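Please build the complete structure, drawing on both the sequences and the hints.
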Amino acid sequence: MRIRLRYSKHGKVRFTSHRDVARIWERVLRRAELPLARTEGFSPRPKMHFGLALSTGHESLGEYLDVDLREPEADEIDLGMLPERLSPLLPLGIEVEAVSVINRSDPSLQEAVTSCVWRIEVPGQSVDSLTSAVAAMLAADAIPVVRERKGKQVADDLRPGILHLSVLGSTPDDAPQAGAVFEAELATQPRSIRPAELLAAFDPPLTEGRVCRIYQWINEDGATREPLSQGAHVTAAAIAGAPREDYSDDRSHGRAHHTQDSVGSDGISDAADASAFDFV
Amino acid sequence: MWPQLEPLLAKVAKPARYIGLEDGSQRPEHANDRVAWLLAYPDTYEIGLPNQGLQILYEILNERPDAVAERAYAPWTDLEALLREQGLPLFSLDTHRPATDFDIIGFNLSAELTYTNLLNMVDLAGTPVRSADRLEHHPLIAAGGHCTYNPEPIADFLDFVVLGDGEEIVAEITEVVVKWKISGRPAGSRAAMLRELSHVSGVYVPSMYDVTYDGSALAGITPRFADVPEIVEKRTVADLADFPYPKNQLVPLTEVVHDRLNVEVFRGCTRGCRFCQAGMITRPVRERPAEQVRTMVEEGLRRTGYDEVALTSLSTADFSGIEDLVRDIADSTSNNSPVSVSLPSLRVDAFGVGIATQLQKGRRTGLTFAPEAGTWRMRQVINKLIREEDLYSAVEAAYANGWRRVKLYFLTGLPTETDEDTLGIAELARNCVELGKKYTKSPSVTVSVGGFVPKPFTPFQWFGQNTVEELRRKINLLRDATRKSHGVQVKWHDPKATMVEGIMSRGDRRVGAAIETVWRNGGTFQEWSECFDLDLWLAAMEEHGLDPDWYAYRHRTETEVLPWDHLSAGLHKDFLWQDWRDALAEVGLPDCRWTPCYDCGACTGYSIEHIVASATPPAGGSQGTGQDLGSSVPVSLLGRKPESASVGAE
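Those sequence lines, one after another, are chains W and U. With the first letter of the first sequence counted as 1, position 81 gets the number 81 in this note's numbering; the numbers rise by one all the way through. With the first letter of the second sequence counted as 1, position 48 gets the number 48 in this note's numbering; the numbers rise by one all the way through.
In case anyone wonders, no lab produced these hints; they're calculated from the structure. Just so we're clear, the structure is a prediction, and the values are computed from it rather than from any experiment. A couple of the hints might just be wrong.
Said to hold, decoys possible - What follows is a set of in silico ranges between Cβ atoms, one per label pair, in the way DEER data are often shown:
1. U:328 <-> W:191: 49 to 59 Å
2. U:77 <-> W:53: 24 to 34 Å
3. W:19 <-> U:77: 14 to 24 Å
4. U:533 <-> W:53: 36 to 46 Å
5. W:19 <-> U:215: 57 to 67 Å
6. W:19 <-> U:192: 45 to 55 Å
7. U:299 <-> W:19: 22 to 32 Å
8. W:191 <-> U:133: 53 to 63 Å
9. W:138 <-> U:7: 23 to 33 Å
10. W:53 <-> U:554: 52 to 62 Å
11. W:19 <-> U:554: 43 to 53 Å
12. W:110 <-> U:295: 51 to 61 Å
13. U:77 <-> W:110: 34 to 44 Å
For glycine and all other residues, C-beta sits at the position ideal for the given N, C-alpha and C.
So, in structure tokens, the structure goes:
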């Protein structure tokens, strides 16, 4: 049986790396005494499959992890209880919010996810100046960048990968540095565009403050869905959608309000918004 | 101070090492009637976090109603620069509190080259580096750990020093300091409080002692007041069973060294290797009851989620009933998952390999042995009584059981070492490769060579260490001798670092000025090869009129006053001197755990005894290898006959 977990990562723990989080999960899954399927060979490891790596220092409300469980033992597990079982074992700031069973034949997270929505704080920017910078970028036909690929400099156009940009307003009170905040939907196919690349492509380049991944989307035949299939077991906190101002270290953190002050969109994100988590 | 720290962490390498949040970490509540300890390790988080000594004290202190404890590690140079730029101090990881909020900053000192990091952390804590310049409101700067058996080079920077096991003494120190804290620390009270601390057995307060010199030689270190002890004795916990710590080992969120469950199975070692300070200063042997070990392993694995446990001690294969213990753990599963067991030190014999074979059911990559010296003569001098046959049987057993790589640890620059002894290392390595060819196409033997540094409270404390040039010559000799030997690789420790370690290891209080100068000139993280700079040290020694050769290379005489003569590890000085003479006469000494007592002083002086569950040595022998070496081994039994052959608490 393959299960897919959705979890959030926020606060101090955001400074752990993707690799650190993988090791944390390995220990937590052992502590939870789940019937983990293991790799063959001399040093069997639990079969875990991670999605797109989150940069060290970035927060997230939508991280995913696939775990293979042994059958028939897996059938005994109450999946609905799993988030509550796992979250207390995880470090402060990592919370499991939903879980569902997926087919082993489903494409991997890395193959399936087509875009990510990011909330990006830009220290030292006013809402107005950020609004005009975002408008200018969306108006551009092409955003040429030079990036390093296999040690060589290659020219690339960022514009097709920028699916949506919108300014949300001023940074919340708890932000380490005051400024403005915007949301960006960036493609992950054919290659993943990182928030740092986007910020560097502005003219002049923008400084990176706090960055949070809000959603990962799978776009199939024009329809957008999140990587958990219908019928996922979602915790109460995830459904309620606690206000995003709550960046403190307690465990009451939940999903963000998704209020937008859209200044131009190709529509994907809005469509996605409507369908977001309405499966509960 | 997390809000100020947060934006800085986005700019530094490996920020996860500054966030705390480990499983097992605590968020203690500070109060006016609680002594706040900041337990500090003067190296990076990755090196410092696994330190078991600090973890034990962290729990013991936080269990007390009159104390709280948090942790700090040396910030790497990138974060240090940002902290200084922003005017921010050193901070605790547990609640991200400034170091200035603590009453005591207690350092664990395990390596001499970290001394400049200690100064740097004290300075980052907004505290004058010299104890004489500190005022009532400054934290007390303290140190413990193996290096503090000669604290003189750093004595001017420390308010107090702790000798020996910390489990009990931290309570007594807390009781003195809490009174001072509650009193509101009136002006001038710091010295009186330190004087009271000097009455606690095991506490050394350097400022309460006068140092006198006779020309360039040390004449004596004597108490300034009649109530301050002339000799400071180390503290020894009589029974490890009373201290099943750490109960909640910290589980780091990011990668560190020794990233596994660690359970200490015994403390102390009486094998009597003459170069080994740890074995001399931690006597006697105190085994943890096997049942307690089993419980700590079982509960530790369940709680942490680790799938590996290390049974730690100075020589774990000597633990009574080690085979049963290892088999039980290796056969068990925890959290539905197979458990692997590791022993950090493996004895050089087939018995050790037998245990290793039990442990490592999976892929067998490398096994490490420490014969320490290249010839039987040299090994008699250092009292590591391993015969060539023992090593060969161990190595052959390793290859026969599927291992492909063998690593051998050696010391060079040992007393009486000749080129024949050095070349003996190459010979052993080549023969090991030949043995391996019977079992595998391309056996590999890695020879790792460290330069020998004489340590206080060992029989070799009188020995003038080899010069940088001599060590380099010996390493080159070894490299030349193995150049054409396929399968033999030689690795070595930088002889320049060995020299500085030697100056610190046996230096006196005058060396402190040079340490401060090296730190002021930017010489931090000196134990990192990319940061170490011998020129900084030599320039600093010269600036203060100190002769590095005199400190590192000079043989000491029997009558010379040593900088640690006013401290005691329990060992009688005449026992050590006799052992030094025996070494030069190439005479070995058996392990007193299973044979007569030599009255070294470590038990008798403190009315304590070995606690060993088995009265018979493992695998039929009482020698360094645990094998029955027969009567052909020229071992002299020194000292008196014991009243009874049995060992253990009475």
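Status of the hints after comparison with the structure:
Separation of residue 328 of chain U from residue 191 of chain W is about 52 Å and conforms to the stated range, judged on CB atoms against 49 to 59 Å. Under the hint 24 to 34 Å, the C-beta atoms of residue 77 of chain U and residue 53 of chain W, about 27 Å apart, fit the expected range. With their beta carbons about 23 Å apart, residue 19 of chain W and residue 77 of chain U fall inside the hinted range of 14 to 24 Å. Our hint of 36 to 46 Å for residue 533 of chain U and residue 53 of chain W holds, since their Cβ atoms are close to 37 Å apart.
Residue 19 of chain W and residue 215 of chain U have their C-beta atoms about 58 Å apart, which keeps the hinted 57 to 67 Å range intact. The given range of 45 to 55 Å is respected by residue 19 of chain W and residue 192 of chain U, whose C-beta atoms sit roughly 52 Å from each other. The hinted range of 22 to 32 Å is satisfied by residue 299 of chain U and residue 19 of chain W, whose Cβ atoms lie roughly 28 Å apart. As the Cβ distance of residue 191 of chain W to residue 133 of chain U is approximately 58 Å, the hint placing it in 53 to 63 Å holds.
The hinted window of 23 to 33 Å between residue 138 of chain W and residue 7 of chain U holds, with their beta carbons roughly 29 Å apart. As the Cβ distance of residue 53 of chain W to residue 554 of chain U is approximately 57 Å, the hint placing it in 52 to 62 Å holds. Evaluation of the 43 to 53 Å hint for residue 19 of chain W and residue 554 of chain U yields a pass: the beta carbon distance comes to about 49 Å. Evaluation of the 51 to 61 Å hint for residue 110 of chain W and residue 295 of chain U yields a failure: the beta carbon distance comes to about 43 Å.
Against the hinted window of 34 to 44 Å, the Cβ-Cβ separation of residue 77 of chain U and residue 110 of chain W comes to about 36 Å, which satisfies the hint.
Hint compliance for this structure: hint 12 alone is broken.
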